[in-house]
Amino acid sequence: MTHPTLRLTDGYPDVSPFLNADVKALQRELVRWGYTVKPDGRFGPSTQAAVKSFQRKQGLRDDGIVGNKTWGLLTAKQATQSVGTGFSTSVPPAQTPVVSTGGDGRFFPLSRIYSESWTKGAGMFGSGRGGGRAHAGCDLYAPLGTWVHAIMGGTVTLGPYYFYCNTYAIEVDHGEFVARYGEVQKDSPVRKGDKVKAGQRIARVGHLVGISVKSDMLHLELYKGTHSGSLTVKGSGSAVSPRGQPYQRRKDLMDPTPLLAQWRKNLPVD
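Numbering (UniProt numbering) for the sequence shown: 1 to 270.
Where hints are given, some of them may not hold.
Stated by the list, open to error - With a straight-line Cα cutoff of 20 Å, these simulated EDC-like cross-link-like pairs (lysine to aspartate or glutamate) come out: (1) LYS38 with ASP22; (2) LYS224 with ASP252; (3) LYS251 with ASP173; (4) LYS214 with GLU116; (5) LYS69 with ASP22; (6) LYS24 with ASP14; (7) LYS234 with ASP252; (8) LYS192 with GLU176; (9) LYS195 with ASP173; (10) LYS224 with ASP255; (11) LYS195 with GLU176; (12) LYS120 with ASP255; (13) LYS224 with GLU176; (14) LYS197 with GLU176; (15) LYS197 with ASP187; (16) LYS197 with ASP173; (17) LYS214 with ASP40; (18) LYS192 with ASP173; (19) LYS251 with GLU176; (20) LYS265 with ASP255; (21) LYS234 with ASP255; (22) LYS24 with ASP40; (23) LYS38 with ASP187; (24) LYS224 with ASP173; (25) LYS265 with ASP40.
As the list claims (entries may be wrong) - Derived Cβ-Cβ restraints for the label pairs, each shown as a range: (26) ILE113 with SER212: 44 to 54 Å; (27) GLY229 with GLY132: 17 to 27 Å; (28) ASP255 with GLN58: 57 to 67 Å; (29) VAL213 with THR157: 24 to 34 Å; (30) GLY34 with GLY72: 33 to 43 Å; (31) PRO17 with ALA261: 44 to 54 Å; (32) HIS207 with ARG129: 14 to 24 Å; (33) SER236 with GLN58: 48 to 58 Å; (34) ARG7 with LYS224: 17 to 27 Å.
These aren't lab readings, by the way, just hints derived from the structure by calculation.
As the structure is a computational prediction, the values presented were derived from the model and not from experiment.
Ideal Cβ placement from N, Cα and C applies to all residues, glycine included.
Could you build the full structure based on these sequences and the hints that come with them?
Listed below in structure tokens is the structure:
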């Protein structure tokens, strides 16, 4: 049987409704391989994430596009082993697998480094922003729907809440510091009060609406935890850059750059 090439947004009524049945067939195959996706005929971020995981485990390029090679492996007569790790947003945190690759127990927040975006240009900590403010975090470019992982163990103190341009944020107290994982999707598997483990999946990369950017991304902010209250602060209470630009953030704001340089050696597993 010949299957069409499928990709993100296929099967949606306003995009390609004629592919709905094919997307359902794809989703059923993913379920057969152990992935928790809903066979609704819509190729959304959760289906894309499952496809990418399957491709990686089968030694294919993880581009999220279901072509002949991916279809061939998906439709093998037998799923010889369950390779899925679950992509339902209702998976309880305790069931989320964590696989260490070494290091000091602190993970890079993405399972793959797609770009050095946080080290240069607009993605850098402290880079200029509109209105004379400075960038309060590091932008880690990644495809829409990419899983975001907890850097280390901690407690979700806030979120998911509306953050910026139709994206959301989650705040986690990791003990040694507080992290704001920003510009993520609303459908996070964790909520305020949840305990998280190092490397656990806590969110997916969202999509900024209304502005032009090079890529979707995780916007990461870190705080020492020496102050209390809202992380976003305007006026005289804001932290200020060496150039005198306000970050519009709490005064215990940290530069994540040197820590990301360490954590990149310890990637979590999707």
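Each hint tested on the structure:
no.	hint	result
1	LYS38 with ASP22	holds (14 Å)
2	LYS224 with ASP252	holds (5 Å)
3	LYS251 with ASP173	holds (16 Å)
4	LYS214 with GLU116	holds (13 Å)
5	LYS69 with ASP22	holds (16 Å)
6	LYS24 with ASP14	holds (17 Å)
7	LYS234 with ASP252	holds (14 Å)
8	LYS192 with GLU176	holds (19 Å)
9	LYS195 with ASP173	holds (10 Å)
10	LYS224 with ASP255	holds (10 Å)
11	LYS195 with GLU176	holds (15 Å)
12	LYS120 with ASP255	holds (14 Å)
13	LYS224 with GLU176	holds (7 Å)
14	LYS197 with GLU176	holds (14 Å)
15	LYS197 with ASP187	holds (19 Å)
16	LYS197 with ASP173	holds (12 Å)
17	LYS214 with ASP40	violated (30 Å)
18	LYS192 with ASP173	holds (11 Å)
19	LYS251 with GLU176	holds (16 Å)
20	LYS265 with ASP255	holds (18 Å)
21	LYS234 with ASP255	holds (19 Å)
22	LYS24 with ASP40	holds (6 Å)
23	LYS38 with ASP187	holds (14 Å)
24	LYS224 with ASP173	holds (10 Å)
25	LYS265 with ASP40	violated (38 Å)
26	ILE113 with SER212: 44 to 54 Å	violated (23 Å)
27	GLY229 with GLY132: 17 to 27 Å	holds (23 Å)
28	ASP255 with GLN58: 57 to 67 Å	violated (39 Å)
29	VAL213 with THR157: 24 to 34 Å	holds (27 Å)
30	GLY34 with GLY72: 33 to 43 Å	violated (18 Å)
31	PRO17 with ALA261: 44 to 54 Å	holds (46 Å)
32	HIS207 with ARG129: 14 to 24 Å	holds (19 Å)
33	SER236 with GLN58: 48 to 58 Å	holds (56 Å)
34	ARG7 with LYS224: 17 to 27 Å	violated (42 Å)
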